[in-house]
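Visitor: Starting from the two chains in their separate frames, assemble the complex, guided by the hints.
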Amino acid sequence: MIVERWINWVTLLAFMVVPLWALVTDEPFTITLATRAAILALAAVGLNIALGIGGLVSLGHAAFFGLGGYAMGILAFHAQNYTPLELGPFTTEGTKSMPVIWLTAIIAAALAGLIIGLLSLRTAGVYFIMITLAFGQMFFYFAISWSAYGGEDGLSIYVRNGFPGLNTLVPIQFFGICFVALCLSLYVHWRLRSSPFGLALNAARQVPQRVETVGLNPYRLKLVAFVISAAITGLAGALFADLNRFVSPAMFSWQLSGELIVLIIIGGVGRLMGPVIGAAIFVALEHWLGGLTDFWHIWLGVILLLIVLFGRGGVVGLLTGKAGPHV
Amino acid sequence: MSTILIIEQVLNGLQFGVMLFLMAAGLTLIFGVMGLINLAHGSFYMVGAFAAAATAGATGSFLLALVAALAAAALAGALVEMVVIRRLYKAAHLDQVLATFALILIFSEGTRWVFGSFPLFLEIPAWLSGPVALPGGILYPVYRLTLIVIGVLVALGLWWLTARTRIGVQIRAGENDREMIAALGVDISKLYTLVFALGAALAGLAGALVGAIQSVQVGMGEPVLILAFVVIVIGGIGSIKGAFVGALLVGLTDTLGGIFLP
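Same order as they appear, the protein sequences are chains C and W. Under numbering that gives the first Met the number 0, residues 0 to 326 are what the first sequence spells out, in order. Under numbering that gives the first Met the number 0, residues 0 to 261 are what the second sequence spells out, in order.
No lab work stands behind these hints, which were simulated from the structure alone. Just so it is clear, the structure is predicted and the values come from calculations on it, not from any experiment. The beta-carbon is built from N, C-alpha and C at its ideal position, and this holds for glycine as well. Be careful, since some hints might not be right.
To be verified - Estimated spans, in silico, between C-beta atoms of each pair:
{"id": "1", "chain 1": "C", "residue 1": "L317", "chain 2": "W", "residue 2": "V141", "range": "56 to 64 Å"}
{"id": "2", "chain 1": "C", "residue 1": "W145", "chain 2": "W", "residue 2": "G235", "range": "46 to 54 Å"}
{"id": "3", "chain 1": "C", "residue 1": "S194", "chain 2": "W", "residue 2": "G235", "range": "37 to 45 Å"}
{"id": "4", "chain 1": "W", "residue 1": "A162", "chain 2": "C", "residue 2": "S155", "range": "53 to 61 Å"}
{"id": "5", "chain 1": "C", "residue 1": "A249", "chain 2": "W", "residue 2": "T252", "range": "45 to 53 Å"}
{"id": "6", "chain 1": "W", "residue 1": "T252", "chain 2": "C", "residue 2": "L317", "range": "42 to 50 Å"}
{"id": "7", "chain 1": "C", "residue 1": "S194", "chain 2": "W", "residue 2": "R86", "range": "31 to 39 Å"}
Said to hold, decoys possible - Just some of the chain W residues that point at chain C, by a computed CB distance under 7 Å:
{"id": "8", "residue": "G109"}
{"id": "9", "residue": "I225"}
{"id": "10", "residue": "F228"}
Isolated chain W, as found in the complex (with noise of 0.2 Å):
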């Protein structure tokens, strides 16, 4: 085996490690701040990665189909957290299964209606495309690379929001005791909104970013979603830092064991 091929796959596993951690990343913040879980999370990454395919068909921009994909997830995670999920906070989990389970259903239908059951195809931008020239003589996708640096940049930035600002605060204080911050005088239902369309416009970007690598299809989120899971599991449940290091793991494990082992 050689080691261009090693670090190849390695790669490819960091690049499929941070995607999950986008995914991930929403996931463990729901559960940790609203005690919820949310099977239809994967349904966001679809419809980030369809309102990309769209956008970019209609206008040919790649940057705009980027931020189509955040803004349509965030506004579908607001939509529904309003709708729907804020009803279900102080619910049995069997009910929070049950309706998420339900919002898949809605929203995998509703995408086959207004989309077809086809897959849509979203094309890497020409600035995006070919290899680049690592040390050591490896060619590498420019577009991976590129999905390596958003990763790590979008993590970074998830540190820095829950650390060092104000609504980061106002999170943190959340998962520890909500009774405390409402009395605090936080808006408590703003925020529940806020940190719900947050982890759908990461999902969304997810879907969108992976969307130009892979077919954007209906059910393209529930595989991933079953590993995200995985992921938060791993990093245990409302942990930013361990959604990011499960997520590395599960994608270096997923990617480098497809190839040695048999």
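Chain C with its partners taken away, still in its complex shape (with noise of 0.2 Å):
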């Protein structure tokens, strides 16, 4: 325990150290890839509640990180054409704030969680995984045939929403933001873990006959793990859109929802850190790889084969000498 929280804190200290030397040094293009690494990070946090704590291999939660990202979107399509928003009887208009459009991300993807949750943890092993898979692409399918945002084309924004205080044109600002929304989901997943809710579901996940018999609802510990993993998700789906300006259906694509698990792999399943160090190595392969060869991802599938093989319990596993706890 005490060398995976020396771990966590170098990881931490690392990733604000980089994009600060890289503002010394004047490479703003490190300060966006530390951005795009916080993000994923993010939406791989919010996984890890359901995936490391609860158990639940969901391979679908690209419906929240897409609901996420079209909800940034179509808030700021139409504040950008100065267009209403209807909403049935309502109508609203649209905003480039990202408080606000964060909110919206949230309870959106909590609200499709809840729903998600309520039908696919009936189910459990093969079929849970089949039918979360299912619901992302039905996310997906809806997505290309919107043709009034776009449809597989996707939104382009064309000037990044603002934060009261902040001008989040400047790349460092920018990635501020995002690292401090990252460390309160930390904080978050921390908090639950030690919290009796956290112990109830981790229990839930290695032996749920036991938590019946004590009066809990397994259950009902699932789905509040799915919603709040849901809320993250999607938080990091509405900043993951305003970094790169546009969101298209390949923010719902399953591929995403692979790769989100992929990064908690890498890291350490249930581990704190394990999707934040996952992330990091994730984009800096991407960029290094990605600048070798067009064919990375060849290198990571095989990198993925040997951890899965091999590598019990990521780097956070492979450093502290235990695998992490087996889902």
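Guide: Structure, rendered in structure tokens:
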């Protein structure tokens, strides 16, 4: 545990130092890479609550990521075109304000998580994997056919949304926002894990029968975890859309759901910092291998295979010498 | 809506359904016998299509292309089973999902590496092109009709294989109790390799056959894979008969729904 605590702090520190160093040496692209890593890490921290603590192998988390993205896309689209946003009987205006967008993204993703969770948590094992995958695909095909918001081409947002008091167009300031969001999500994960709820959830993953005999409902525990997990991933989606100033159905693709799981595996399942380390390594590999060869996904596949077959516990497990909790 | 259009669309749905069955049959066999969730099954579909397109391009023979597709997919399946999948039978579902996801990355990018990003085209041979007149004056492409026939024949063959042969008995016994049939002297790891290669070959055949209607490109397997998952969930995981019914149901719904619903 002590080793892991050290790893955690060093990781966070490195995450702050690298972009600051890039600022000093004037390499804005490195800051953008770090921002990308922070946002992917945020999405994976969200998934890690369902996957790592709850043992829920969701292959449909791209649905929440994409919902967050489209929440940003739709609101900002209406704001930049000065068109009203009609929601049934209500009509509102779009917005370019990040906090409002985030709140919308979180609520939309949490609601979707509640509905998907209510249905899919009735199943377990392979059926759960397949049903979450199917839900994710539903959102994907819906986004493709939704021509009002770009359909297959997606939506471009010309100017990054604003945050009161900050200039989000400056890379380091936008990184700061994402980094704070990441830290908050890590805090949520850390508090959850040691709370009575987290302990019960942990137990529900390992021996659901026992949890039931002490009078707790595993289904409800998992549902709450799934909704929290969805909400955090939704927030990450909104930030990701703001980073690229672009949303497209690709944010809903099941490859993205797979990649989120991959991030967690590279770092270590159920570890606090697993997703963060995983995302940093993923983005570094993407940049470095992607510069060497157009086919870097082959090597990602090989690395992933090796980790699954021989390196249980990911990087954190490797450094602490202990395999992570078994999912 | 004219009757002819409806019959045409029903035939299209059946054709799509039997191709889905070829995919779903392998997937459901692999899950039923080995308890493995195989996301990389769509890659065998792609491997079959590419092998067929490359062979047809080199030799000009469609039958040789089909043989190549079957052989390449079966070989890829056997190889993957022996190198990777074999280590995953006892692993958690998460590990199976991840390892087979990694295989998709390797297969897709590997294919892109060898064949490039542009789609290939597989020509329908002259003796199968053109329409045929069905009773009632309906003109329907011979090739699509051939696909339906092949699909039904494969389904019958699979039924015969699982219900009437010694191998089939071993496969069904393996679904029920793998320790017991290992104790009875069946080489279980050879049986698993065989079942996996068989499933992969069926997927490869489907890829090659469908490749002649659509274009042959990287990533063509994944949409079909997801529909095949739907099929085996509807049909009941592990059941070939269920997969057949489920595949026809999904094929017809997908095709007719696309035409008659908004």
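Visitor: Taking the earlier hints as the rules, which of them does this structure contradict?
Guide: 2, 5
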